[in-house]
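Asks: Based on these hints, arrange chain C on the given structure of chain S.
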Amino acid sequence: MRKIFVLAAVAAGIAGSAQAADITGAGATFPFPIYAKWAEAYKKETGTGLNYQSIGSGGGIRQIKAKTVAFGATDAPLKGEDLTKDGLIQFPTVMGGVVPAVNIAGVEPGKLKLSGEVIAQIYMGDIKKWNDPKIVALNAGVTLPDANINPVYRSDGSGTTFVFTDYLSKVSAEWKSKLGTNTAVQWPVGIGGKGNEGVSASVKQVANSIGYVEYAYAKQNKLSHALVKNADGNFPAPEEKAFQAAAANANWSEQPGFGISLNNQKGADAWPITSATFILVHAKPEKPEEVQAALKFFEWAYKSGDKLASDLDYVALPANVKDQVRNAWKGVTDNSGKPIF
Amino acid sequence: MTAATDMSSIPGATPIVRKTPKATFDLVFRNASFAAALLVLVLLAAIMASMVIGGWPAFREFGLGFITSSVWDTQNEQYGAWPAIVGTLSTALIALVIGVPLSLGIAVYLTQLAPAWFKKPVATAIELLAAVPSIIYGMWGLFVFVPLFAAYVQIPLSNIVEGMPIVGTVLYSRSPSGLGIFTAGIILAFMIVPFIASITRDMLEQIPSVLRESAYGIGATTWEVVRHVLVPQAGVSIIGAVMLGLGRALGETMAVTFVVGNANRLSASILDPGSTIASRIANEFNEAMGLQLNALIALGCILFFVTFVVLVIARLLVARVKRY
Numbered sequence: 050m051r052k053i054f055v056l057a058a059v060a061a062g063i064a065g066s067a068q069a070a071d072i073t074g075a076g077a078t079f080p081f082p083i084y085a086k087w088a089e090a091y092k093k094e095t096g097t098g099l100n101y102q103s104i105g106s107g108g109g110i111r112q113i114k115a116k117t118v119a120f121g122a123t124d125a126p127l128k129g130e131d132l133t134k135d136g137l138i139q140f141p142t143v144m145g146g147v148v149p150a151v152n153i154a155g156v157e158p159g160k161l162k163l164s165g166e167v168i169a170q171i172y173m174g175d176i177k178k179w180n181d182p183k184i185v186a187l188n189a190g191v192t193l194p195d196a197n198i199n200p201v202y203r204s205d206g207s208g209t210t211f212v213f214t215d216y217l218s219k220v221s222a223e224w225k226s227k228l229g230t231n232t233a234v235q236w237p238v239g240i241g242g243k244g245n246e247g248v249s250a251s252v253k254q255v256a257n258s259i260g261y262v263e264y265a266y267a268k269q270n271k272l273s274h275a276l277v278k279n280a281d282g283n284f285p286a287p288e289e290k291a292f293q294a295a296a297a298n299a300n301w302s303e304q305p306g307f308g309i310s311l312n313n314q315k316g317a318d319a320w321p322i323t324s325a326t327f328i329l330v331h332a333k334p335e336k337p338e339e340v341q342a343a344l345k346f347f348e349w350a351y352k353s354g355d356k357l358a359s360d361l362d363y364v365a366l367p368a369n370v371k372d373q374v375r376n377a378w379k380g381v382t383d384n385s386g387k388p389i390f
Numbered sequence: 178m179t180a181a182t183d184m185s186s187i188p189g190a191t192p193i194v195r196k197t198p199k200a201t202f203d204l205v206f207r208n209a210s211f212a213a214a215l216l217v218l219v220l221l222a223a224i225m226a227s228m229v230i231g232g233w234p235a236f237r238e239f240g241l242g243f244i245t246s247s248v249w250d251t252q253n254e255q256y257g258a259w260p261a262i263v264g265t266l267s268t269a270l271i272a273l274v275i276g277v278p279l280s281l282g283i284a285v286y287l288t289q290l291a292p293a294w295f296k297k298p299v300a301t302a303i304e305l306l307a308a309v310p311s312i313i314y315g316m317w318g319l320f321v322f323v324p325l326f327a328a329y330v331q332i333p334l335s336n337i338v339e340g341m342p343i344v345g346t347v348l349y350s351r352s353p354s355g356l357g358i359f360t361a362g363i364i365l366a367f368m369i370v371p372f373i374a375s376i377t378r379d380m381l382e383q384i385p386s387v388l389r390e391s392a393y394g395i396g397a398t399t400w401e402v403v404r405h406v407l408v409p410q411a412g413v414s415i416i417g418a419v420m421l422g423l424g425r426a427l428g429e430t431m432a433v434t435f436v437v438g439n440a441n442r443l444s445a446s447i448l449d450p451g452s453t454i455a456s457r458i459a460n461e462f463n464e465a466m467g468l469q470l471n472a473l474i475a476l477g478c479i480l481f482f483v484t485f486v487v488l489v490i491a492r493l494l495v496a497r498v499k500r501y
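Chain order of the listed sequences is S and C. 50 is the number of the first residue of the first sequence in our numbering; add one for each residue after it. 178 is the number of the first residue of the second sequence in our numbering; add one for each residue after it.
Listed below are several chain C residues computed to face chain S (Cβ distance under 7 Å; list not exhaustive):
hint, residue
1, Thr251
2, Gln252
3, Pro324
4, Arg351
5, Ser354
6, Leu356
7, Thr434
8, Pro450
9, Asn460
10, Glu461
11, Glu464
Derived from the structure by calculation, the hints contain no laboratory data. None of the values given here were measured: they were computed from a predicted structure. Positions of the beta carbon are idealized from the N, C-alpha and C atoms, including for glycine.
This is chain S alone, in the form it adopts within the complex (with noise of 0.2 Å):
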């Protein structure tokens, strides 16, 4: 509910001030909290304002691919040759978790245990029922009840579901080849709800059901979840720390504008099912100046805004990769090829 309040609080914020020369940037709706608030934190302090449209990540890409906002965001990366192809750069802001749901008659918030491998089978419809052994077998001393399981997914095209379905893809072969990673995936069984709202609601109100939302959301919302074992075989509890210890273990240099998957990382306190939102903006934009000022927003954020993110449940990037990123944003250039940042 808190970032709700957040939320209409800074739109009213941003309406008011929308004939100032506002920084523009469209696109995922699973960091928009933090960038309202950041903006509205940034608007005090040097008068800039922030217009950010939360389109989903697909109405980002295409925006900023059409050259209409100063920063597209997407919570799924584009690739290496994407960004080579549309000329643009690409950096992360934040991290956050997902955590599985879970509302099972008898059994007490956070003590059921599950493996990516038993998620997987329980979404593609193998595992029918909450006393599968397969479900028995990591969940020693807890009572199972023998009803069928209701899986929930996000009917609408997600970021969230991406980082979900990227997990399942690396933990399960079957997953990864019958369903794949992706936005939206053809889900053989359950049922959709439309945005985190949508799920944590089908999930609070049947039975014996299994959802996937964002930890922020589940926290606020006060969602029972589900341990998943990490990497190194442990079921570390969804919270910061464990969001941190995943993105420490990972090599962000890896993949071109740090589009890595930061799913199933190894380290034994690493959350299994982790992603960062990234940032878009063009490499040679037409409006320098306009570009100049979202990477001053971007910058304050990083320097400022790393607790404002924590108390919405956000997780702020390591200090070593906002290091790269600044190094990254060199590649943003004027008409004459100067760096402008």
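Replies: Frame of chain S; chain C shown alone:
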């Protein structure tokens, strides 16, 4: 005579003289109204054309298979509209089956049977229901109706019919979540009742009371008056009202998206989740790119076509009723 109407008492006012009408005004007026009427046709043609052009890549890629295929796979860029078409038609049909008798009952009761003190509040309530935005119906459906429906109808029903032939297939749901095609139909029924009821009520009220009185005069019962006098008199308008409701049911987006369960697959059970054309567009449009976007526009094109066919059928029905 008051000062306001006494023109001659106002200094400088000229008395009104009837001028000979000028043909030019008539001509301008005629052309202006013709342009207004033409605009509708042009708009319709433009919408149709842009949908056909936008959806063309999908139609070209899949041909007739776009309509008959049940696959909706964004990963491998395979698209088929059949489950969405079936979902659209079945939710609308369920809405009509529940909504039409309800609306006609309300209209007949309000015009023929209700005491005067009761008429007004009910009539106002109906008009208010028509004014409720569809997203409110959707939220009410998801948060209030769906849990009740699951607990008191779907779960007990599934337990009873499990394993029965035919009935067990149509009414059993593997995930008794309360979300599904049938729930969407019920919510749609609530949404179309105000339209059909208030139009039918207006029509019934316009029937000259002498017709009713003479029927009662020759000893007809209330039922006979409704059945043999009122319904045939208002028949054409009632069909028109039903078609208006059907139009809303076919195209309704937000409310359905909330409660239909959003599964892009066909199920034999009407209690299982499904999707409609409108709900699928609402779900996927934001993130769609390339062929998926074309496929969604093609879906819109099909919805346009389905609505058009429904209207043609309505016209034919009205023509038939008129003949009798």
